[in-house]
Amino acid sequence: MAALAYTLGKREINHYFSVRSAKALALGAVLLLAACHAAFRRYRGDDTCEYLLSSGRFLGEKVWQPHSCMMHKYKNSEAKNCLLDKYIAFIGDSRIRQLFYSFVKLINPQVKEEGNKHGNILFEDKSASIKVDFLWYPEVNGSMKQRIKSWTEGSIAKPHVIVAGAATWSIKIHNGSNEALTQYKINITSIAPLLEKLAESSDVYWVLQDPVYEDMLSDSRKMITNEKIDAYNEAAISILNSSSRNSKAKVKVFSVSKLIAQETIMQSSDGLHLPESSRETSAMILMNVYCNKILKPIDGSCCQPQPPLTLIQKLAFCFFALSIIGYLILSFIYRNNHRKNKPCTDMESGEEKKPVTNTSPVSTLETLLYSFFKLGLIMAYFYLCDRANLFMKENKFYTHSSFFIPIIYILVLGVFYTENTKETKMLNREQTDEWKGWMQLVILIYHISGASTVLFRLNFLVVVLCIVMDRPYQFYYFVPLVTVWFMIIYATLAVWPQIVQKKANGNCFWHFGLLLKLISLLMCIYFLANSQGVFEKIFSLWPLSTCFELNGNVYEWWFRWKLDRYVVFHGMMFAFIYLVLQKRQVLSEGKGEPLFSNKISNVLLFISVVCFLTYSIWASSCKNKTECNELHPSVSVVQILAFILIRNIPGYARSVYSSFFAWFGRISLELFICQYHIWLAADTKGILVLIPGNPMLNIIVSTFIFVCVAHEISQITNDLAQMVVPKDNATLLRRLLCIAGFFSGLLFLAAIQDQSRH
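Counting with the working numbering, you get residues 1 to 758 for the letters of the sequence shown.
No lab work stands behind these hints, which were simulated from the structure alone. Glycine included, each C-beta is placed from N, C-alpha and C at the ideal position. Check before you lean on any hint, since a few could be wrong.
Simulated restraints, written as ranges between beta carbons of each label pair [what the hints assert, rightly or not]: (1) 616 to 749: 23 to 33 Å; (2) 108 to 62: 28 to 38 Å; (3) 584 to 555: 44 to 54 Å; (4) 528 to 122: 32 to 42 Å; (5) 747 to 153: 16 to 26 Å; (6) 616 to 237: 12 to 22 Å; (7) 62 to 592: 51 to 61 Å; (8) 567 to 308: 54 to 64 Å.
Taking lysine to any residue and the SDA-like style, the derived pairs with C-alpha atoms no more than 20 Å apart in a straight line are [as the list claims (entries may be wrong)]: (9) 131 to 142; (10) 258 to 517; (11) 252 to 67; (12) 172 to 112; (13) 149 to 239; (14) 75 to 294; (15) 250 to 193; (16) 517 to 580; (17) 562 to 512.
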C-alpha cells in the first residue's frame with residue numbers, strides 16, 4: 001500500500017513539475033538574476049577594487065571575504081614577483097607602522113618588529129629590488145605635507161605605492177578638543193591636492209582610523225573614543241572625495257580595515273592596536289589591490305579587468321550567433337509553410353485534403369540548428385558566470401557541517417528513491433548509473449566546501465568550453481584521462497591478433513593470448529610510470545603538447561595520469577575474469593540469488609567488508625599525501641573490488657538500485673564539467689554568487705540552474721551524436737575526416753594565438 005501511494009504521489013508530482021518545466025523555471029531565474037545584477041552593476045558600479053577596499057565579512061574567525069569578489073592569498077615568491085623593482089612608502093602613525101610590518105612579512109616572513117617605534121624604518125629586498133619604507137608622521141600636519149610635496153616636485157624618488165593615515169595622536173595630544181579636529185580638516189585639505197597629483201602616477205591609499213576598545217585603553221588614551229574617531233574619518237572622507245577627479249587617478253580610501261577592526265578589536269592587547277591576524281588581513285588586501293591586475297591569479301577576481309576576447313572565442317560567438325539567426329529564420333519559414341499546407345476541408349465532400357510534403361531534410365537541419373541555438377544560449381550563460389564581471393564570486397570556506405550535512409541529505413534521498421532493477425546481472429546498467437551518480441554528487445559537495453559515440457559525448461562539451469572559455473584541453477583533466485584510456489583499451493584489443501568472444505569460446509588458447517596482451521599493457525604502463533622524462537618528451541611534441549600542456553608544461557598531465565595508472569588494467573582483468581566465470585556458469589545472477597554458492601558468498605562477503613573497512617581507515621588516517629599517492633594506484637583496486645562484491649554478492653542488493661543516484665549518474669559527465677564555470681567560479685577556486693547575502697538560498701538556486709543546464713547539455717550532446725556519428729561506416733569516415741580537419745584548423749589558430757600572446 002505504501003509503495004502504491006509512493007508511486008501515485010510521484011506520478012502526480014511529475015504531472016505538475018516535469019524536467020521541462022524545471023528548465024523553464026531555471027531559464028526564467030537566469031534572465032531575472034542577470035537583469036538584477038546588470039542593474040546593480042550599473043547603479044553601484046562594477047569596480048571590484050572599490051568593494052575590496054570598502055566592504056566584506058569574516059567567514060569563520062580569520063578568513064576575510066570581500067563583497068562580490070575573491071581574494072588571493074599571496075605567497076612571498078608571488079609578492080616578490082609582483083613588486084619587482086618597486087618602491088612602497090607607508091606614512092603615518094603606529095597603526096600604519098603595524099600595517100607596514102605585516103606587508104613586509106608577505107615579502108620576507110623572517111622580518112621581526114625591532115625598529116624604532118617613533119622613527120623611520122627602512123626595508124629592502126635586494127634579490128627583487130624591492131624597497132619598502134615606513135615614515136613616522138603621527139599627525140597630519142606641515143611635516144607630513146612637506147614629505148608628500150617632496151615626492152610631487154621630483155627631488156627624490158617617487159613611490160609606486162603610498163599608504164598614509166593618521167589621527168589618534170592628534171586626538172591624544174590635544175585631549176580630544178574640537179579645535180584639533182578643525183585643524184585636522186584644514187591640514188588634510190591642504191594635503192589633498194598633493195595626494196591627488198601623486199595619484200596620477202602612483203597608487204595612493206588613505207587608511208581610515210580603526211575603532212578602539214575603550215574599556216581596555218590606558219588612562220593616557222581615554223580621550224581616544226570611537227565618537228572622535230568617527231568624526232575624524234568623516235572629515236577625511238568628505239575632503240578626499242569633495243573635488244571632481246578622474247576615477248583612475250583619485251586617492252583610494254582604505255576603509256575596509258575599519259570593518260575588520262570592529263570584529264577583532266576586542267582581541268587587542270591595549271585596546272588601540274589590532275591583533276596580528278587582523279593586520280595580516282589588511283596587508284593581504286593591499287597586496288590584492290595592487291598585484292591582482294599584474295599577476296592575474298585565478299582565485300583573485302578582485303581588481304582584475306575582464307580578459308579580452310581571443311580570436312577563437314570571437315569565431316565561436318559568431319558561429320553561435322549565426323546558428324541562432326539561422327534557426328529563427330528556418331523555423332519561421334518552416335512554420336509559415338506548415339500553415340499554408342495545413343489540411344483544409346473539401347466543401348463538397350466534407351473531407352480534409354492532406355497535402356503530401358517531404359519535411360525530413362528540413363526537420364534534420366532544424367534539429368541541428370536548434371541544438372546549436374540552445375547550446376549558444378548556454379555558452380553565453382557560462383561566459384557571463386565565469387569570464388564576465390556580471391555575477392559575483394566568493395572564496396570557498398570549509399566547515400565539517402557544510403560537507404557532511406549535504407552528504408547525509410543526499411544519502412537519505414538516495415535510499416528513499418530505491419527501485420527494482422530491470423536486470424539482475426552483476427554491475428547492471430542501473431547499478432553503474434547509481435554508482436556514477438553518488439560518486440559525482442560526493443565530488444560536487446567536496447568541490448564546493450576546493451565506441452565513437454562515447455568519445456563524442458566525452459569530448460564535445462569540453463572542446464566547446466575550451467573554445468568559449470579560452471581554457472586548454474588539459475584544464476578539464478577528467479575528460480583527457482578518460483579519452484586517452486579509452487583509446488588505449490581500444491588499441492590493446494584491436495592490435496593483432498584480434499581476439500573476439502567467438503574465438504575465445506571455441507578455444508581456451510585465445511584466453512592466454514588475451515592475457516599476454518594485458519601483461520604487455522601492464523609493462524608499458526609500468527615503464528612510463530617510472531620514466532617521467534620519456535613520458536614528458538612524448539606529450540611535449542606538437543600537436544600533443546597543445547592538448548596536454550597546462551601552464552607551459554605537461555607535469556599536471558603526468559601527475560593525473562600516474563595517479564590511477566593501473567585502474568584500466570585492473571578493470572580489463574576484472575572483465576576478463578567475469579566473462580570466464582560467466583562462461584563456466586560459476587555465477588548465479590538470478591533475481592534474489594547470491595552471486596556464488598552460499599558458503600563462498602559468505603566468505604567473500606566477509607573478506608570484502610574487512611578489506612573495505614581496512615582501506616577506509618588507512619585512507620582516512622593517511623598523513624603524508626605524497627606516500628599515499630604512490631600507494632594508491634596499486635592498492636585502490638582492493639577498495640573498488642570490495643565495494644563491487646558487497647554490492648553484488650547478495651541477491652537482494654543486486655536487484656535494487658537508487659533511481660535518484662542513477663538519474664544523476666546519467667548526466668555525471670556534464671555535472672563534472674559544468675561545475676567549473678556555472679556552479680563554482682574562477683575555475684573551481686571559488687563559489688558563484690547569484691544571490692548575495694544569503695549563502696543557503698544562493699546554493700539552492702545556483703544548484704537548481706546548474707543541474708538543469710547539465711541535463712539540457714546532455715540531451716543536446718546525445719541529439720548531436722545521433723547526427724554527427726552515423727552507423728554507416730562510409731559516412732562515419734567522411735565525417736571523421738571533417739572533424740579531423742576542424743581540429744587541425746583549431747590547433748593552427750591556437751598556435752597563432754599563443755605566438756601573439758608571447
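A quick look at each hint next to the structure:
no.	hint	verdict
1	616 to 749: 23 to 33 Å	violated, 48 Å
2	108 to 62: 28 to 38 Å	violated, 22 Å
3	584 to 555: 44 to 54 Å	holds, 46 Å
4	528 to 122: 32 to 42 Å	violated, 54 Å
5	747 to 153: 16 to 26 Å	violated, 56 Å
6	616 to 237: 12 to 22 Å	violated, 57 Å
7	62 to 592: 51 to 61 Å	holds, 56 Å
8	567 to 308: 54 to 64 Å	violated, 41 Å
9	131 to 142	violated, 25 Å
10	258 to 517	violated, 68 Å
11	252 to 67	holds, 17 Å
12	172 to 112	violated, 28 Å
13	149 to 239	holds, 18 Å
14	75 to 294	holds, 15 Å
15	250 to 193	holds, 10 Å
16	517 to 580	holds, 16 Å
17	562 to 512	violated, 28 Å
When each numbered hint is compared with the structure, violations occur for hints 1, 2, 4, 5, 6, 8, 9, 10, 12, 17.
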